[in-house]
Every structure is written in structure tokens, then in C-alpha cells.
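For the record, the sequence lines run as chains A and B.
The first sequence begins at 2 in our numbering and counts up one residue at a time.
The second sequence begins at 35 in our numbering and counts up one residue at a time.
If you're looking for bench data, these hints aren't it; they were derived computationally from the structure.
Bear in mind the structure is a predicted one, so any value in this text is a computation, not a measurement.
There are no misleading hints in this set.
In silico DSS-like pairs for lysine-lysine, Cα to Cα no more than 30 Å straight-line:
{"hint": "1", "chain 1": "B", "residue 1": "Lys126", "chain 2": "B", "residue 2": "Lys210"}
{"hint": "2", "chain 1": "B", "residue 1": "Lys210", "chain 2": "B", "residue 2": "Lys190"}
{"hint": "3", "chain 1": "B", "residue 1": "Lys126", "chain 2": "B", "residue 2": "Lys190"}
{"hint": "4", "chain 1": "A", "residue 1": "Lys9", "chain 2": "B", "residue 2": "Lys210"}
{"hint": "5", "chain 1": "A", "residue 1": "Lys9", "chain 2": "B", "residue 2": "Lys190"}
{"hint": "6", "chain 1": "B", "residue 1": "Lys122", "chain 2": "B", "residue 2": "Lys190"}
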Amino acid sequence: MNCEMFEKILCDLDRADVLPSAVREAALAHAETCAPCGLLMTESESLDMHLRTLSISARIQSPPPRVESALLEEFREFHEEQRRGRRRWQLAALGVAAAAALAVSYFLLGHFVPGRNPMKDAQDTSTHSGAPTTAPIASTARDSNESAHAQEASGTNTPKRLAPVANPSAGQETAAEQGTAFIPLPYADSAAEIEGGEVVRVILSPAALEAMGLRSSDFSSSGDVSADLLVDEAGTPEAIRLVAQSDKDSVPN
Amino acid sequence: MSQPKDATDDGLLRRALAGDEDAFRLLYRRNCPAIYRFALHMCGNSATAEDVTQEVFMALIRNARNFDPTRGTLGGFLFGIARNHLRKRWEKDQRLVPLPETFEESQIDHVTDAASFETVARVRHAVGSLPEDYRETVVLCDLEGMSYEEAAAALKCPVGTVRSRLHRARALLVEKLRERRPVIRASAVGE
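For reference, chain A alone in the conformation it holds in the complex (with noise of 0.2 Å):
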């Protein structure tokens, strides 16, 4: 052990575990024979002898119990705020999986109610009692107007097919039905003047179709027929659309 050695090692003589037991002895064996040394280590014996005293003298000292109480009223505000802040998050978190579950639900009903065939529904709706439904056509009309003259022009002797309406119970096909165009009836003016109108959902037994002009044997069905009526302003029936619904009545041919 020399003088450098022990002044780097002076400040660890006091502390427990710091030093292998064999150096601390050395070093105060060092400090015996060494009067510089012995003199560093005595002053280093007094200056923790005085800092001990003062850390006995301020380990009484704490701060005053208002701080604690400041404290626990935070600890109490904070910890409410949390509460707050999660309650707010669960019940906007709540209020999101409603909203989602309805939209499922919502979709879910409006595609696989149970027991319910929608092929069925707008066959139900369309031969309900067997009552006319009817539509207004006046654009579909005027449409038809720019038809017909585009057909005189060209000179074609094509039957003329009017635009279906946009009411979906009467005039428009459906998912479950199948219709013709409409074929101007004979006594009919040209479907080109017609201004207005409606389109009228009827049920025609084969008598009423051949008194229209229509023979039943262009139908394979010999019962009653479903059909669109192109009926003008004055109440007359101009066109006729033949309209089969699924399976229950023939196709027109």
C-alpha cells in the first residue's frame, strides 16, 4: 500500500462491504506507519463523525402534515378524474357497439328474415285481389313520343315498345314477373299521341283478350292472364303488356 493508493481509497475505508477486508487493513496499517496518511484518515474520521451529526440532527426534519393532506386531496381528485375519464370511455365505447350491433342487425334482418321468401312477397303484392294499380306514365309517354318518330323515320313496322313506368306495383316488372313490351291494341291511336295516362294492373280471361284483339291461342296458359294496361287520359285502354309471374302463370310467347 502507498500514500496515492491510500488517499484513492480513503472515503471507502467506513463503508461496510465496499473494500475487501485485506485492502482496509493494509490501508490502516499504511495510515500507522504513514503521518501524512494518518493525518488525511483522522481528518476523514472527523468529517464523518460531523456528518453524522448532521444527519442525526435533520433526520427529525419532515415536511409539515399539510403537504400530506394536499397530497391525498390530489391522490383523491386524480384518481376521480381516472374514474371519470374511464366511465366516459366504456360508455362511448358502449354507445359504438350498440350503434354497430343495430347496423348488423338492421342488415341482417333486411336479408334473411326466417320464413319469409321475397320472391313470394311481389308475387303477393302484385296479384293482391286482383284490384288495378295504377301509375302515372306521362314521362314515360314522351319518351315513347321520341321513339315512335325515331321508328317512322326509319321506316320500320316494328310493334312499339314503350319504357316501363316507375311504379313498382303496377307497369314495372318485378324480381318474380316477366312481361312483353307493349303492343298498341288495334282500334288504338298511335302511342306517340298519347300525352299522360296510366299504366293499370288487370287480370284478362282469354275472352276479354280476344276482345281486345289478342288471340288466346298465342298463350300458353288457358286461364286468366295478368297485364299491364296502357290506359290514355280518356280513360282508354291504348296498349297491352302480358305479364307472367313465376311459375303460377305461363310466359306470354
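Use these hints to put chain B onto chain A, whose structure you have.
Below, chain B alone, put in the same frame as chain A:
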């Protein structure tokens, strides 16, 4: 809910995090004296030490999740926060000046005999006049009795740095105590 006195700081902190007020109270009572003394030794002013102590535990309430038990003790974590607050105050208003010549009566009331008072006053002044890095090392290792490892964790520096700082700090203290004459106030010694 009653808390066992031997509950660990980590366990108490977990309970406090869950909103257990008693756990927090026990945690505070266990750690606040050391934090307060550290602040008092560092700034020499009881009002500032009080504020710093309060700020340290406020930070614990709000940021307790930042404490990682694998990186050190809760005490070290709290000393680290206290140190940061003291530095902020130092930078902010330069109020952390070395200790005044006379100390607050409240801090020396319990020192009854003149020799002890003299010793405490001299040493306190000497410690207070050390550079900040040295001062905090002396306070943690010599006054608070921390090991080098604990002090290193609190000061966020290597153990070797703590040892070398302590060595220099003690040398400076010996020098200061050797040259400094005792400060004895007439009222304190009963003259």
C-alpha cells in the same frame, strides 16, 4: 383498507395506482422524510424543500407508471424526480443559492448544546457551499446513507462517477471545515 407495514414499495405503488389511498399514504410517509431532507440539504430552505417534496409526490401520483422496478428502487426514482425539480428551480429563479450564514431556527431547535450546534452549522454550511454534483453525492451517500449503487441509480450516473465525486467532495469538505471558523449565534448558545 389497512396496509401491512412491511409491504414493499412496489406492492404499495401498485395498490396506489389502483386508487388505494391508504397505500399511497403509507408510501408517502415512508419516503417523504428522505426526499424532504435531500431537498433541504440541497437548497437550504425549508419552504423550497416542502414545495419540492410536494412536487415529487404529485409527479408520483400522475406518472407512477413511469417507474420501472427493474431499473432501480422507488426511492431512487423519487430522488431522481426531486433532483430534476431542484435543478428546474435553480435554472428558473436562482433561488438555490448556497446556504445562508444563519440557519432557520426551526432547523436547529433540537440541537441543544453549543458544540453540536456549532458542528451542525459548520458542516451544513460546508455541504451547502459544495458544487451541486458534489453536494448531492455527499447528501445521498454520507447523509442519507445510500450505497454507491443506490446513489448511482438516483443520480443516473455510473458507480465510478459517484465514488470519484464523493472522494473530491470529501476532500473539499475537509478543506472547508479546516479553514472555516465556527458560526455561533449568541441566542443559540444562550449568551
